Structures are given as structure tokens and as C-alpha cells.
Amino acid sequence: MNVRLMTGIGAACVMAGCASTPLPNPALDNARTVVESAEANPDVARYSALDLEAAKKDLAMAESAELRRDETTTSQAAYMAAQTARLAQLRAAAKVEDAHVSDGQAERDRIQLAARTHELQQAQSAADLAAAKTRALQSEADALKAKQN
Amino acid sequence: MRTKVRHLISCSAAAATLLLSWSAHAANPIADEKIAVAQASLQRAEQSGAPQAAPVELATARDKLARAQKANADHDIKSATALAEQANVDAEVAEATATEQRSHAAAVEFDTSMQALRNEAMRSTSTALPVQ
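Protein sequences appear in the order of chains A and B.
For the first sequence, my numbering assigns the number 1 to the initial residue and increments by one for each residue that follows.
For the second sequence, my numbering assigns the number 1 to the initial residue and increments by one for each residue that follows.
Keep in mind that the hints were calculated from the coordinates and are not lab data.
It is possible that part of the hints are untrue.
Said to hold, decoys possible - Taking beta-carbon pairs under 7 Å as the criterion, some of the chain A residues facing chain B (in silico):
#, residue
1, L67
2, R69
3, Q83
4, R86
5, A93
6, D98
7, G104
Claimed, not checked - Per the computed footprint, the stretches of chain A lying under chain B, defined by three or more beta-carbons under 8 Å from a beta-carbon of chain B, are:
#, stretch
8, 70-80
9, 109-121
Computed from a predicted structure; not experimentally measured.
Here a beta-carbon is modelled for each residue, glycine too, at the ideal position from N, C-alpha and C.
The task is simple: from the sequences and hints, build the whole structure.
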């Protein structure tokens with residue numbers, strides 16, 4: 001039983017060893033990570049979908065080159081995939097910030113309009129107050145004049 | 001017989017001249033095109049604030065472009081093409097870094113001005129209250 005278990009483990013180890021024979025390519029691993037995080041970013045899907053598509057195509061090219069053990073093509077395509085994914089992230093981030101500013105511009109206009117309207121109302125009520133005061137003083141003066149005469 | 005030989009010699013001489021001039025001029029149209037594309041991207045990056053925002057990426061792109069040109073001159077088409085592709089994407093990343101930094105700075109500045117505006121609006125309405 002124990003022997004059989006050990007043999008099983010041994011066989012599994014050998015098989016795992018076989019499965020991972022293509023040596024890990026650090027450029028490809030890096031490309032996978034960078035493309036994955038670009039894919040997980042909804043801003044990228046929204047604002048730089050074409051860059052992401054290009055990155056995924058390069059990554060697929062790198063993966064198939066690795067299966068063919070074509071190391072030069074693997075490294076080149078992996079590098080292109082990683083840089084293109086970074087490009088997608090950067091371009092999406094810039095567009096998000098630009099959209100933030102243009103969306104906020106409407107709110108800024110609203111606040112500014114409200115402030116001007118408020119100022120106008122204040123000026124109007126001050127003018128009304130001054131007019132009432134003038135009228136009161138005028139009638140006071142008129143009354144005094146009438147008394148004198 | 002003699003004319004035939006002479007003809008053959010002149011023909012091969014012409015072919016050799018053609019081959020020489022061909023190899024001396026356009027090394028490879030694909031590599032040439034990739035190099036031209038990378039050059040244009042690098043120029044755009046240099047004019048868009050990348051020297052300040054992404055100097056390392058830009059230096060890498062410049063270095064790869066120079067190596068691509070050298071490989072092209074040495075008729076190493078594969079290296080020339082690969083290096084030109086990398087130089088191009090590096091230059092694009094440098095430019096995008098500069099653009100993103102500019103957009104970020106603009107957004108921060110906008111938020112600051114909005115906050116000031118909101119504060120001012122709040123102050124003016126609160127000082128107005130006792131008057132009315």
C-alpha cells in the first residue's frame with residue numbers, strides 16, 4: 001500500500017516534470033501578468049480596447065512560439081505584448097482623467113450660474129431696501145417742509 | 001565562342017553591380033519601414049514631454065532605434081525589425097506616460113479649483129442669510 005502510494009507520487013512528480021519541460025520564460029510570465037491586469041481594468045475595455053486586442057494577439061503569438069520552442073519569437077512577442085498592455089493602461093488612465101474634467105465642467109458651470117444668480121438677487125434686494133429708505137426719507141422731509149410752511 | 005564568353009562576363013558584371021548597389025541602398029523594405037515608424041514615434045514622444053516624464057523609457061527607445069539602424073546596415077533584417085518594433089512601442093509608452101501625467105495634473109488642478117468654487121458658493125449663501 002505504502003509502496004504503491006510512493007510509486008504514485010513518484011510517477012506524478014515525473015509527469016509534472018514532463019509537463020513543465022518548456023523552460024519558464026520570464027518575459028512571457030511578465031507579459032501574462034501585465035496583459036491580465038490590463039484585461040481586468042474596465043477602463044481599458046472602455047477607452048483602449050484596440051490596444052488591449054493588440055496586446056492579447058502578441059501574447060497569443062508568444063504562447064504559440066513557446067510551444068514551438070522558438071525562443072527568439074517568444075521573447076519578442078512577449079515584450080511587445082507587455083508594452084502594448086502598459087500602453088493600454090496608460091491611455092485608458094489619461095482618458096479617464098480627461099473625462100473627469102469634462103464631466104466636472106458642467107457642474108462648475110452650474111455652481112457659477114447659481115452664484116451669479118444669488119449675487120443678482122442680493123443686489124436687487126439691496127436696491128429695493130435703498131429705494132424704500134429713500135421714499136421714507138422723502139416723505140419725512142415732505143412732512144417737515146409742510147410743518148414749516 | 002569568344003563573343004559568348006564576353007557576353008557572359010559583361011552580364012555577370014552587370015548583375016554584380018546591380019547586387020552591390022541593391023545591397024548598399026535599401027537594405028530591406030520591411031525593416032526600413034519599421035525603422036521609419038519608430039523614428040516618427042520617437043519624435044512625437046520627444047515633443048510631447050516624454051523627456052521629462054519618461055526619460056528612461058525614451059533613452060531605451062533611442063538606443064534600440066540606433067541598434068536597429070545598425071543591424072539594418074549590417075543586413076541583419078530579423079534583428080533590425082525586432083529592435084525597431086521594440087523601439088516603437090517603447091517610444092509610444094514614453095509618450096503615453098507623458099500624456100497621462102499631463103491629464104492627471106489637469107484633473108488635480110481642476111478638482112482644486114472646483115473645491116475653491118464650492119467653498120466660495122457656500123460662504124456667499126451663508127453670509128447672505130442674515131440679510132434676508
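Using the nearest Cβ pair, does A/R69 come within less than 7 Å of chain B? At about 17 Å, which exceeds the 7 Å cut-off, the nearest Cβ of chain B leaves the hint on A/R69 violated.
Given hint A/L67 near chain B, where the shortest CB pair must fall under 7 Å: 20 Å, violated
Classify the hint on A/Q83 as holds or violated, based on whether any CB of chain B lies nearer than 7 Å to its CB. Since the shortest Cβ distance to chain B is 4 Å, the answer is holds.
Taking 8 Å as the C-beta cutoff, is the stated coverage of the stretch 70-80 of chain A by chain B satisfied by three or more residues? As far as the stretch 70-80 of chain A goes, the hint holds, because 4 residues have Cβ atoms under 8 Å from chain B.
Hint check: is the beta carbon of A/A93 less than 7 Å from a beta carbon of chain B? At about 5 Å, which falls below the 7 Å cut-off, the nearest Cβ of chain B leaves the hint on A/A93 intact, so it holds.
How does the coverage statement for the stretch 109-121 of chain A fare against chain B, requiring three or more residues with Cβ below 8 Å from a Cβ of that chain? holds (count 6)
Does A/R86 pass the interface hint, meaning its C-beta sits closer than 7 Å to a C-beta of chain B? 6 Å, holds
Under 7 Å, Cβ to Cβ, is where A/G104 needs to be relative to chain B, so tell me if that hint holds or is violated. 6 Å, holds
Status of the A/D98 interface restraint (C-beta, 7 Å, chain B): 5 Å, holds
The structure does not agree with the numbered hints 1, 2 stated previously, though it agrees with the rest.
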